[in-house]
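Protein chains in written order, with the numbering used here: chain A, -10 to 664; chain B, 202 to 730; chain C, 865 to 1181; chain D, 2 to 130.
Read the hints as simulated data drawn from the structure, not as lab findings.
For clarity, every value in this text was computed on a predicted model and none was experimentally measured.
Note that the Cβ used here is the ideal one computed from N, Cα and C, for glycine as well.
Incorrect hints may appear among the rest.
[Stated by the list, open to error] Between beta-carbon pairs, the in silico distance windows are:
no., chain 1, residue 1, chain 2, residue 2, range
1, C, 870, A, 52, 53 to 61 Å
2, D, 55, B, 655, 35 to 43 Å
3, D, 115, B, 639, 37 to 45 Å
4, C, 921, D, 118, 25 to 33 Å
5, C, 928, A, 548, 20 to 28 Å
[Claimed, not checked] With the C-beta cut set under 7 Å, the calculated list includes, among others, these residues of chain A facing chain C:
no., residue
6, 391
7, 392
8, 417
9, 435
10, 451
11, 528
12, 552
13, 569
14, 578
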Amino acid sequence: MIEASLDKVFITTLSLFLFGTFAAAVSQKPRTANLIAHTASFLGGMTGAITALGVLLGQQTIFLSAWYIIADISLSFRIDALSAFFLLIICMLAVAVSIYSIGYVTEYYHKKNIGLLGGGLNLFLLSMVLVVTVDNGFAFLIAWELMSLVSFFLVMYEHERPGVRRAGYVYVVMTHIGTVFITLSFLALFLFTGSFSFTDFQAMSAQFPNWLKNLIFIMALIGFGTKAGIVPLHVWLPRAHPAAPSHISALMSAVMIKTAAYGLLRVSFDFLGGGPVWWGAIVLAAGALSAFIGILFGLAENDIKRFLAYSSAENMGIIFMGIGACLVFNASQQSLLAALALTAALYHILNHAMFKGTLFMGAGAVLFATHTRNINELGGLIKRMPYTAVLFLIGGLALSALPPFNGFISEWATFQSLLHLSFDIPNPWWKISGGLAAAALGITGAFAAGGIIKHFGTAFLAMPRSEHARGASEVPASMRAGMAILALFSLVLGVWPGFVLAITKNINEKMFHTHLSGDAIWYVPFAGQKTETLFPGIVLLTLLGILMLGALLLRFWAGKGKVHIDETWNCGTSLESSMQYTGTAYSHPVLRIMQRLTGTHKKVKVYQQYAYYPRKIGYHLYNDHSIEDAAYKPVVAFTVKVSQVIRMIQNGNLQSYLAYMVITLIMALLWIRQV
Amino acid sequence: MLKNKKLFLTRIKQQLGEKILSFTIRQPNETEIVVKKDQLAEVCRFLCQEKEGRLFTMVGSDEREFAGSFVLYYVFSFDETQQFITVKTMTPEEDSTFPSLAAEFPALNWYEREVKDLLGLRPQGHPDLRPLILHGDWPEEIHPLRKEFDVSQNAPRVKSRESFMQYEGDEVTEIPVGPIHAGIIEPGHFRFGAVGDTVLYLDARLFFTHRGLEKASEGMPLSKALFLAERICGVCALSHAVSFAQAVEAAAAVEIPLRAKYLRTLFLELERLYNHIGDVGNICAGFGFAVGVSQGTILREELLMLNERIAGHRYLRGIVDLGGVRFDIAHPDYADILSTLNKIEIGFTELVDILLSHDIAVDRMSKTGILTLKQANDLEVVGVAARASGRNIDIRRDQPYAAYDKVSFTVPVYTEGDVLARIRVRIDEVFQSISIIRQIFIQMPTGDVSVGLPPISPYARGMGWVESSKGETVHWLMTGPNETVERYRVRSATYSNWPAVALAVPGNIVPDFPLINKSFELCYACCDR
Amino acid sequence: MLEQMIQMAGWIVLQTAILLLLAPLVQGLIKKSKARLQSRIGPSILQPSYDIIKYLKKDAVISDKASWLTRVAPYIAFTAVITAGLLVPTFIVNAPLGVAGDIIMVIYLLGLARFFTALAALDAGSSFGGMGSSREMALGAIIEPAFLLALFTVCLLSGTTKLGQIVQVMSGKEWALIDPSYALAFLAMFIVVIAETGRIPVDNPDTHLELTMIHEGMLLEYSGRYLGLMLWAAEIKQLIMLNLFISAFLPWGMALDWSSIGAGAAIFIYGLKLALLGILLAVIETAYAKMRLYKVPKLLAASMALSVLAVIMRVVM
Amino acid sequence: MRAATVKALNLAVEGEGNEMFEVIRKIWKTGVVTHKLPLREASQRYRGKLDIQPHKCKNCGACVAACPAGAINVAQKGQGQELSIAYTKCIFCGLCASVCKVQAVQMTNDYHLATKNKNDLIQVVRMPQ
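Could you put the whole structure together from the sequences, leaning on the hints where they help?
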């Protein structure tokens, strides 16, 4: 009964998104388009979340067949626990972003077509829902491609702005390179099973030869790694995310790149049933590299959205570290620890969606209010935009993995997974690697905190550095509400891990036939052979208790302290805004220490007529990002060139070229089917 | 030697020929050349570049009352022949400008701006005409060193004209430090253009302690002005006093008794000792080496207490008299000094051993705050800083005064130009000073310690110089009627060296600035007057 | 259940009191030892306590550029540090909050304090705050992995990150310091303790030269009660680092339960260990000079290398 | 393995053991040098407060004229004269003592000048008729 009704709820979700897409696209008035699109996506998100929660808590699976294209290539859905988990995240974000967008898109009124933007948002959400729910390789690829294309068009929404087109091209090229690998791995699965159905993949992959499993895994890793923005496949990420409108960036960063984790988990565990230890080692190494490099490059940025984008690469790295550890434990038959590692990864996926959503929306709010993303032009926003500041700070605290916010819990679990690699796997290499990976995670967390302080401190604190910041005012209520929802979840998930454990329980049970008990509200006993427990609630209560009691005692003992307001101490001169530490200056020490990796170098130009009498000094700091340069520039240049050539041949625009690409993909798939 | 000098002067006279108005040998070691304003650049260029003279000091003077115009004196020192050549040029009130040489001789930058501020003569073509001595909120048309300026008058404050370096782009932070500092440091405002911890440029705004001493001395009896000179600075009180006394003695053309010369040398070296030892100890505070600081302070205190015992004043004030010194010392004092010095020598040797073998300390000091020889030469840097950058000058040897021509000592020269080199110069000089003092006690003649001054004619000129612990201090004096001061110009070592600090800092990291600053050990009061 | 909770609450109060009172004393002892090593008599070891009392009673001055963060940060930093302190054993093998958290929690609670201190430093807009903050975060980022690695070598012995269990395992190994891998880990951790407490050769706690400060730079805009809390928090953090060090490397003589004789002796031994460590810190601080800012990462890299070496030895041997 | 340990230990202390020993030895040798209050007496030649003996004074005014800081003043007060020395201005140069032909003004080595009231720093001496 419940199952049947959940089916309907899910169908409602899809229909709402579909309705939102078309209804918004055809509506002429910006205000109507805004309302229709975001009401549809809000409702869609709500119903989707109900579906997902129903599946996760009700321990059931939804099957749904829409129609058959030919033979076993069908559009059918199967929502198991894993799908539902991702569906839940997508829908939570859909709800928050919809509310936020109502305010945010007013920025584009009478400048751009709101209908297209709102419709695009719905279509984007729909495509992501399809990606995580379809039950068929063919449909998956179509949905995947749809997701890529829609997000590409959304990135290109403000194509008249400088840099946006370039970002869009890099994105579309990279994402298709990824798609090629994913397609290849699915084709390999198809060729050996003779079917596109996920059920067949699961059933038959056990008989695959090892080399084939390895091949499929590697191709899937590259393909999904590209979408996840894993270093060194991340180059599109810091370009595309800032270029897109902020609510779209929030979705891309918080949800879209997570579909890659879904794909990887689906392929490696569900289809291939885990693999040898080296799979885990590769994923773990890629994750560690990604986490470290991602945040290091992010730290160098003065563009608030680019920083967040790099930080997404970092967090995907942390997630991959969890997945990697899980693969290793799985290969070593440590199912409880595998469950711990998977929980860590899933928990972080959920958490990252919450706080990165908050942060991107916060960045969007700053952009909305000041029209600049360069923190060196901002400052003093905490007084002009108090609510946004608090919400951004909460997101930042969670991103920095500080208690009592959610980032801490998942990072703690990841730490435990990594440390248990060395505690419980007898191989000496793992003993060392586990510790080193934990250290890498540690430095990542510290860098993330530094990045947040840099961006929050420069943009929100002290004095405005330019007219942009001076004229800022608080954003509309709907935008604040959108951020507040996710920020609230950041706190709740940080003190109530039991909730998340309840929803990940099914996934673990299905994959490892074991589970972590997490029923109690306050604590997370990762019980089993060890008692690594964490009671964030108790710690938070103690902290609050000490705070209250301490403040009271102080008040009682020393009285109500008087506070005088005076100038900032500036050595006897008056303070000017140019004396504040700039974003560049803030991260300079780290960049200098890490110079070899970041390729930091400066250009100083001294304007002078006579020696010893300089008049003006020009300065700019560059970060070469040597990794990108070395590995990517030639490839990207080549691809761009090729696509330009193709465009010339076609004599048409990029859109039709992409349409051809999709058609070619479908044709190819069909052709293979016929053979 | 004497012949050389004559030849040198004759040749200069011949080569300059038509360009000069007059050529007068005023004193055995000083020659005056009078030129027209438009010939100034050429003559200075000739003296500096072909004859390798170095700018010693430059003085602007309001001589309208008795000479009918403003006068500028450019004094060049020729160390090889132990000669000074003063180039004098006149600027009438109606045309109160003079050609600026600052672009060509960066060392003249400050001197010309000072003349502009205090006398209101405009250096034409000066590349940087920001106010220097008087700050931006002082009215532009009031010039304190003009005779008509009333000292008791309170100048109104105007809107500040101060400006600092401009930076392009939004990445540079301007870090302001001072004029009020956290420690007990004299007032100076430093504005770093920095990105993170790397310094791009340093703007140093000084002259917060400009007390107008030169103006205050106008009309003051010479005997009282001595005490004013003594109070220019706290730690080089004696150097200033001796310089002033030497300037007066030169104006009076008087030779002081030999014993007085030796005593002056003794006290000057004691002053150098406590300064250098204190500086070596203090530099350790720049990198938090507590033992270095405490041991340095202990040694310095020993010396200060010695000063108090033998001279009645820890910082050696009230010793010098015009025409000699005010009191004599006896044999028990000799023994006291020598035994204290023995103790100091042992303690200092140990301190230096520890300091120079301390890896972190040496690492902090080497390659930090490098001043190149070219920069040092261009800016006419003097003293320890000059010798650490390979500029081999020491006025004790080059233009001897007091009894320095009778004792033997070597002048340490290093070429690295970094903090470590400056510290090494100080360390070497400490041992040289100890050796000089020991020589003094061997050679010390008996006799009077003071001689009375004959009456001094009005508008006589004299110059006194001393190699203080910071570098050469030059006092240029013109007497007025009734043995008063007409124009008094103090050019301390700090005045010459400050612009060099600003050059040594860029490229270093911000936390190294205190270290670099301390290694130059410049005092603001000396510079600001 | 209720009895247990009351017991736990009592323990929390006791340990909080220990942290609050002992932290300024340890600071005073270090200062006194340093003064003696500089041939000075130095202030009384109670001076830091007097200072804190004085600051807490004074009015505060706050910048007109600053926001509410400046006022909130000291409270957050202070409570976060104390909470972290409740997770680390002192003289008894477990800590009051031992069941609720572990080493990672301690590190991140200290991180929370650091985060707010560094953020509040930027609030007033002065360049010194920015300078201190940016240096703190740069060095903090390098200290963090070194810290984790050094602790990791200890965790590896006991296979857990729970401090109570680590202490129990370690106190069974009285002669562990002879074990080379343990000695290496000891050194690695000691370097981290020096770095985390902001002592020479990493930071100079005595300097107030504007341009060289790290931790002091961040507190420059603070005064009165807020400054008192911040300083107190810094001193407690120093005590926590020493406690961590004692728990991990010198756990002998800790009381296993609350029996009065055992606990009494344990308190005495704990005090002795603290005093010795404090004097050791003072000696090191006196004999070393502050390193060049950009050489500090090398020192911490050395600590990391030592940790890795310690793990390798443990695994190989 | 042992060699590695030694190497690592050397890395940690960077061979500074010797130098550290030097430092400690030096500190040990120096001991505590702080002087506690009350401080010792100033040296004999120390130029401190003035000692004025009114009965020797010939009222010549040489000291007043010689004082470079203008710290000595003579004022008519009722019947007699009053000599005042302002230690707020005095620079302790000793010129007054050296110009006084009858040694009515002499320098002492009394250095105690700290006071809570600025007026206490003006020493007034009443001259006999």
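Going through the hints against the structure:
{"no.": "1", "hint": "C/870 x A/52: 53 to 61 Å", "result": "holds (54 Å)"}
{"no.": "2", "hint": "D/55 x B/655: 35 to 43 Å", "result": "holds (37 Å)"}
{"no.": "3", "hint": "D/115 x B/639: 37 to 45 Å", "result": "holds (39 Å)"}
{"no.": "4", "hint": "C/921 x D/118: 25 to 33 Å", "result": "holds (29 Å)"}
{"no.": "5", "hint": "C/928 x A/548: 20 to 28 Å", "result": "holds (24 Å)"}
{"no.": "6", "hint": "391", "result": "holds (5 Å)"}
{"no.": "7", "hint": "392", "result": "holds (6 Å)"}
{"no.": "8", "hint": "417", "result": "holds (4 Å)"}
{"no.": "9", "hint": "435", "result": "holds (4 Å)"}
{"no.": "10", "hint": "451", "result": "holds (3 Å)"}
{"no.": "11", "hint": "528", "result": "holds (5 Å)"}
{"no.": "12", "hint": "552", "result": "holds (5 Å)"}
{"no.": "13", "hint": "569", "result": "holds (5 Å)"}
{"no.": "14", "hint": "578", "result": "holds (4 Å)"}
Of the numbered hints listed earlier, not one is contradicted by the structure.
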